[in-house]
Amino acid sequence: MSSTRAELVREDTVQAMVQHTGDLAPIRNAHILITGGTGFVGTWLTEAITYLNDVHKFGARITLLARNTARLRETAPHLARRKDVALVDSDVRNIRGFDNDVSWIVHAGSTPDNRVYTTDGIKAADTIISGTRAVLDAAIRLPELNGLLHLSSGYVYGPQPAADPQATETSFNGFDSSAVTSVYAESKRIAETLCATYANQHRIRIVHARPYAFIGPYQLLDRPWAINNFIRDGLRGGPIRILGDGATVRSYMYAADMSAWLLTMLVRGQSGMSYNIGSPEGVKLADVAQMVADQMSPTPRVSLPIAGNRTTASTFVPSTARAEEKLGLTPVFDVVSAIRRTVQWHKL
Amino acid sequence: MANILITDPTLRDGNHAISHKLTTAQIAAYCEAADKARIPIVEVGHGNGLGASSLQVGIASTTDDDMLRTAKEHLLNAKLSVHVIPGFATINKDLKRAVDLGVDVFRIGCHCSEADTTQQHISFVRNTGREVWGILMMSHMITPEGLRDEALKMESYGAEAIVIMDSSGHFLPEDVTQRIGELVSRLTVPVGFHGHNNLGMAVANSVAAANAGATIIDATARGFGAGAGNTQIEVLVPVLERLGYETGIDLYGVLDAADLAEREIMPVVPSIKGISIVSGMAGVFSGFAKHVDRVSAEYGLDPRDVFFALGKRQVVAGQEDVIIEVALELAAAKKERK
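The listed protein sequences derive, respectively, from chains A and B. Everything in the first sequence is counted per my numbering, starting at 1 for the first residue and increasing by one. Everything in the second sequence is counted per my numbering, starting at 349 for the first residue and increasing by one.
Derived by calculation from the structure, the hints in this document are not laboratory data. We put the beta carbon where it would ideally sit given N, CA and C, even for glycine. Errors might be hidden in some of the hints.
Below, a sample of chain B positions facing chain A; criterion: calculated Cβ distance under 10 Å [claimed, not checked]:
(1) N351
(2) S429
(3) D452
(4) A463
(5) D464
(6) S471
(7) N475
(8) K501
(9) G506
(10) A509
(11) V532
(12) G561
Simulated pairs of lysine-lysine, BS3-like, Cα-Cα distance not exceeding 30 Å [to be verified]:
(13) B:K444 / A:K347
(14) B:K441 / B:K369
(15) B:K427 / A:K284
Looking at chain A on its own, in the form it has when it is part of the complex (with noise of 0.2 Å):
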């Protein structure tokens, strides 16, 4: 049993990544740059890979580019004070080189805060699209680079059919471009398609991945995000509010898989190809708000607003078959463990 937040992360660390330490030996040694590396996924590669640096002798090199690395001195100390962790203080958008012996890079500086893009698209456009620029330009100039995986977003497809209870890499439905609320998902589909010209105009190596809903430590519970209000509530005593239709469908992926995903996708992904990477489970968020209410003693309420709820049910699952069948990946932990770890590691 964990003590310490910090024995929490590593243990789910482990037991995500062991099956997986094999495949990633291209990273030995490696000087391994992650851009928006002091948020919620560059904090969980860096658990990942110094895990493999701790336990497993990989010797490689992190540098985490962010706009305030500061933050990761209070969200992560332990791995802020390490030597084999370099903090580096950049808006993605103004990049201009790296380290000559960069030799992967993990693309993940934007955030999928839909409070963020509503009320500020055109910096958000502009930190995706410029931000993914700036990378790919800086990247084309490296000697050794042996691949880039581009974060995109699982909200590239438009709005999933209610009819088609998981999204496939090829499940494209469009979606109104016009509309203030596209901004995130246009921007990255625009992302993915600089990422592609690159790739071809260049012949670099780069792997999209499109992620889905996730939870795990180091997720701030004031995220406008269902589970993470859930958690909130429930920490708090409750009552559990849920808002919308409790029949909304979404699936949440634990961060310590997400992490071994996401290596394995850098290193093993095909150049060219996308993987989604989310939990295939769908869950009505009904059953979730319960789950996470389960976990609370004593245990909360589960209720609606007082403005009441309107029948606006949507779905939004990843098919995970192709990283499966191409990949090998599976997820080690159901959504019940990846609440109740999320809520052991708040109560910490």
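Since chain A is already given, all that's left is putting chain B on it; use the hints.
Just chain B now, kept in the frame of chain A:
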């Protein structure tokens, strides 16, 4: 037919009509009556909401603390809501206190094109576990598509319902149908409507809203509210009932509450005076009426001219200081003509 949730801001919008002079005794009496009538949500406060008592928009005779404490004590079943305009209300000074005093629903409002000013307040309330709605005021001053985008912003910040306000009583039913329809088609949270009666359309507009998919309607006793007043609750409830909507409100109870409000609270029952009609035509916030009357008298102007001039300036709630500026301009022009 769907259920309609009625929110009653008699003790907030009505405060505009009496220059924010509601007393705790009046609040206690009306809350008891509203509670007895099974009105689900009662909104209390200064006309411009929490923390708004000021020289600029009027000093309230009762503090926010006293109003909310009194209301909470006398609402046994109904939920207590507050109107919040970021800028008047701050998180540390006002919202935290209101949470401590037991407010159930925070209705965070802004001018219809400025939803981004509400992000911090909405996020704060969501994190306290209390319910938070987004309110778009002066909603006639933007296109239906623009209104939709601002509503989507509020939804993304965590608002659990979005209410549009026809703050100057400018809409006709088809305007409401178009806007509510647009919101209902794009939002995932419930949508609501708050009407004013400047052109005599408040009840009709509220019905149009319900028919277009709104499930929250604001209405006040005798229409007690700014300018020509709001949608009249004791009329709206039976009208909705006749149309087949459920409100859960007791008819005799709401009739009694309205009688009590007229007797105990209102020096004058709202009526549609010429100035209110002009306000509705000009698309200027109904709450300006008293200020416009006062300033016009001071400068020897026709208040109708002042309202139309304010309409041309596209003033919004909170810009009450512009009334004097406009009056000075009109007075100067008048002097020049002489």
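Violating hint indices (sorted, rising): Every hint satisfied by this model.
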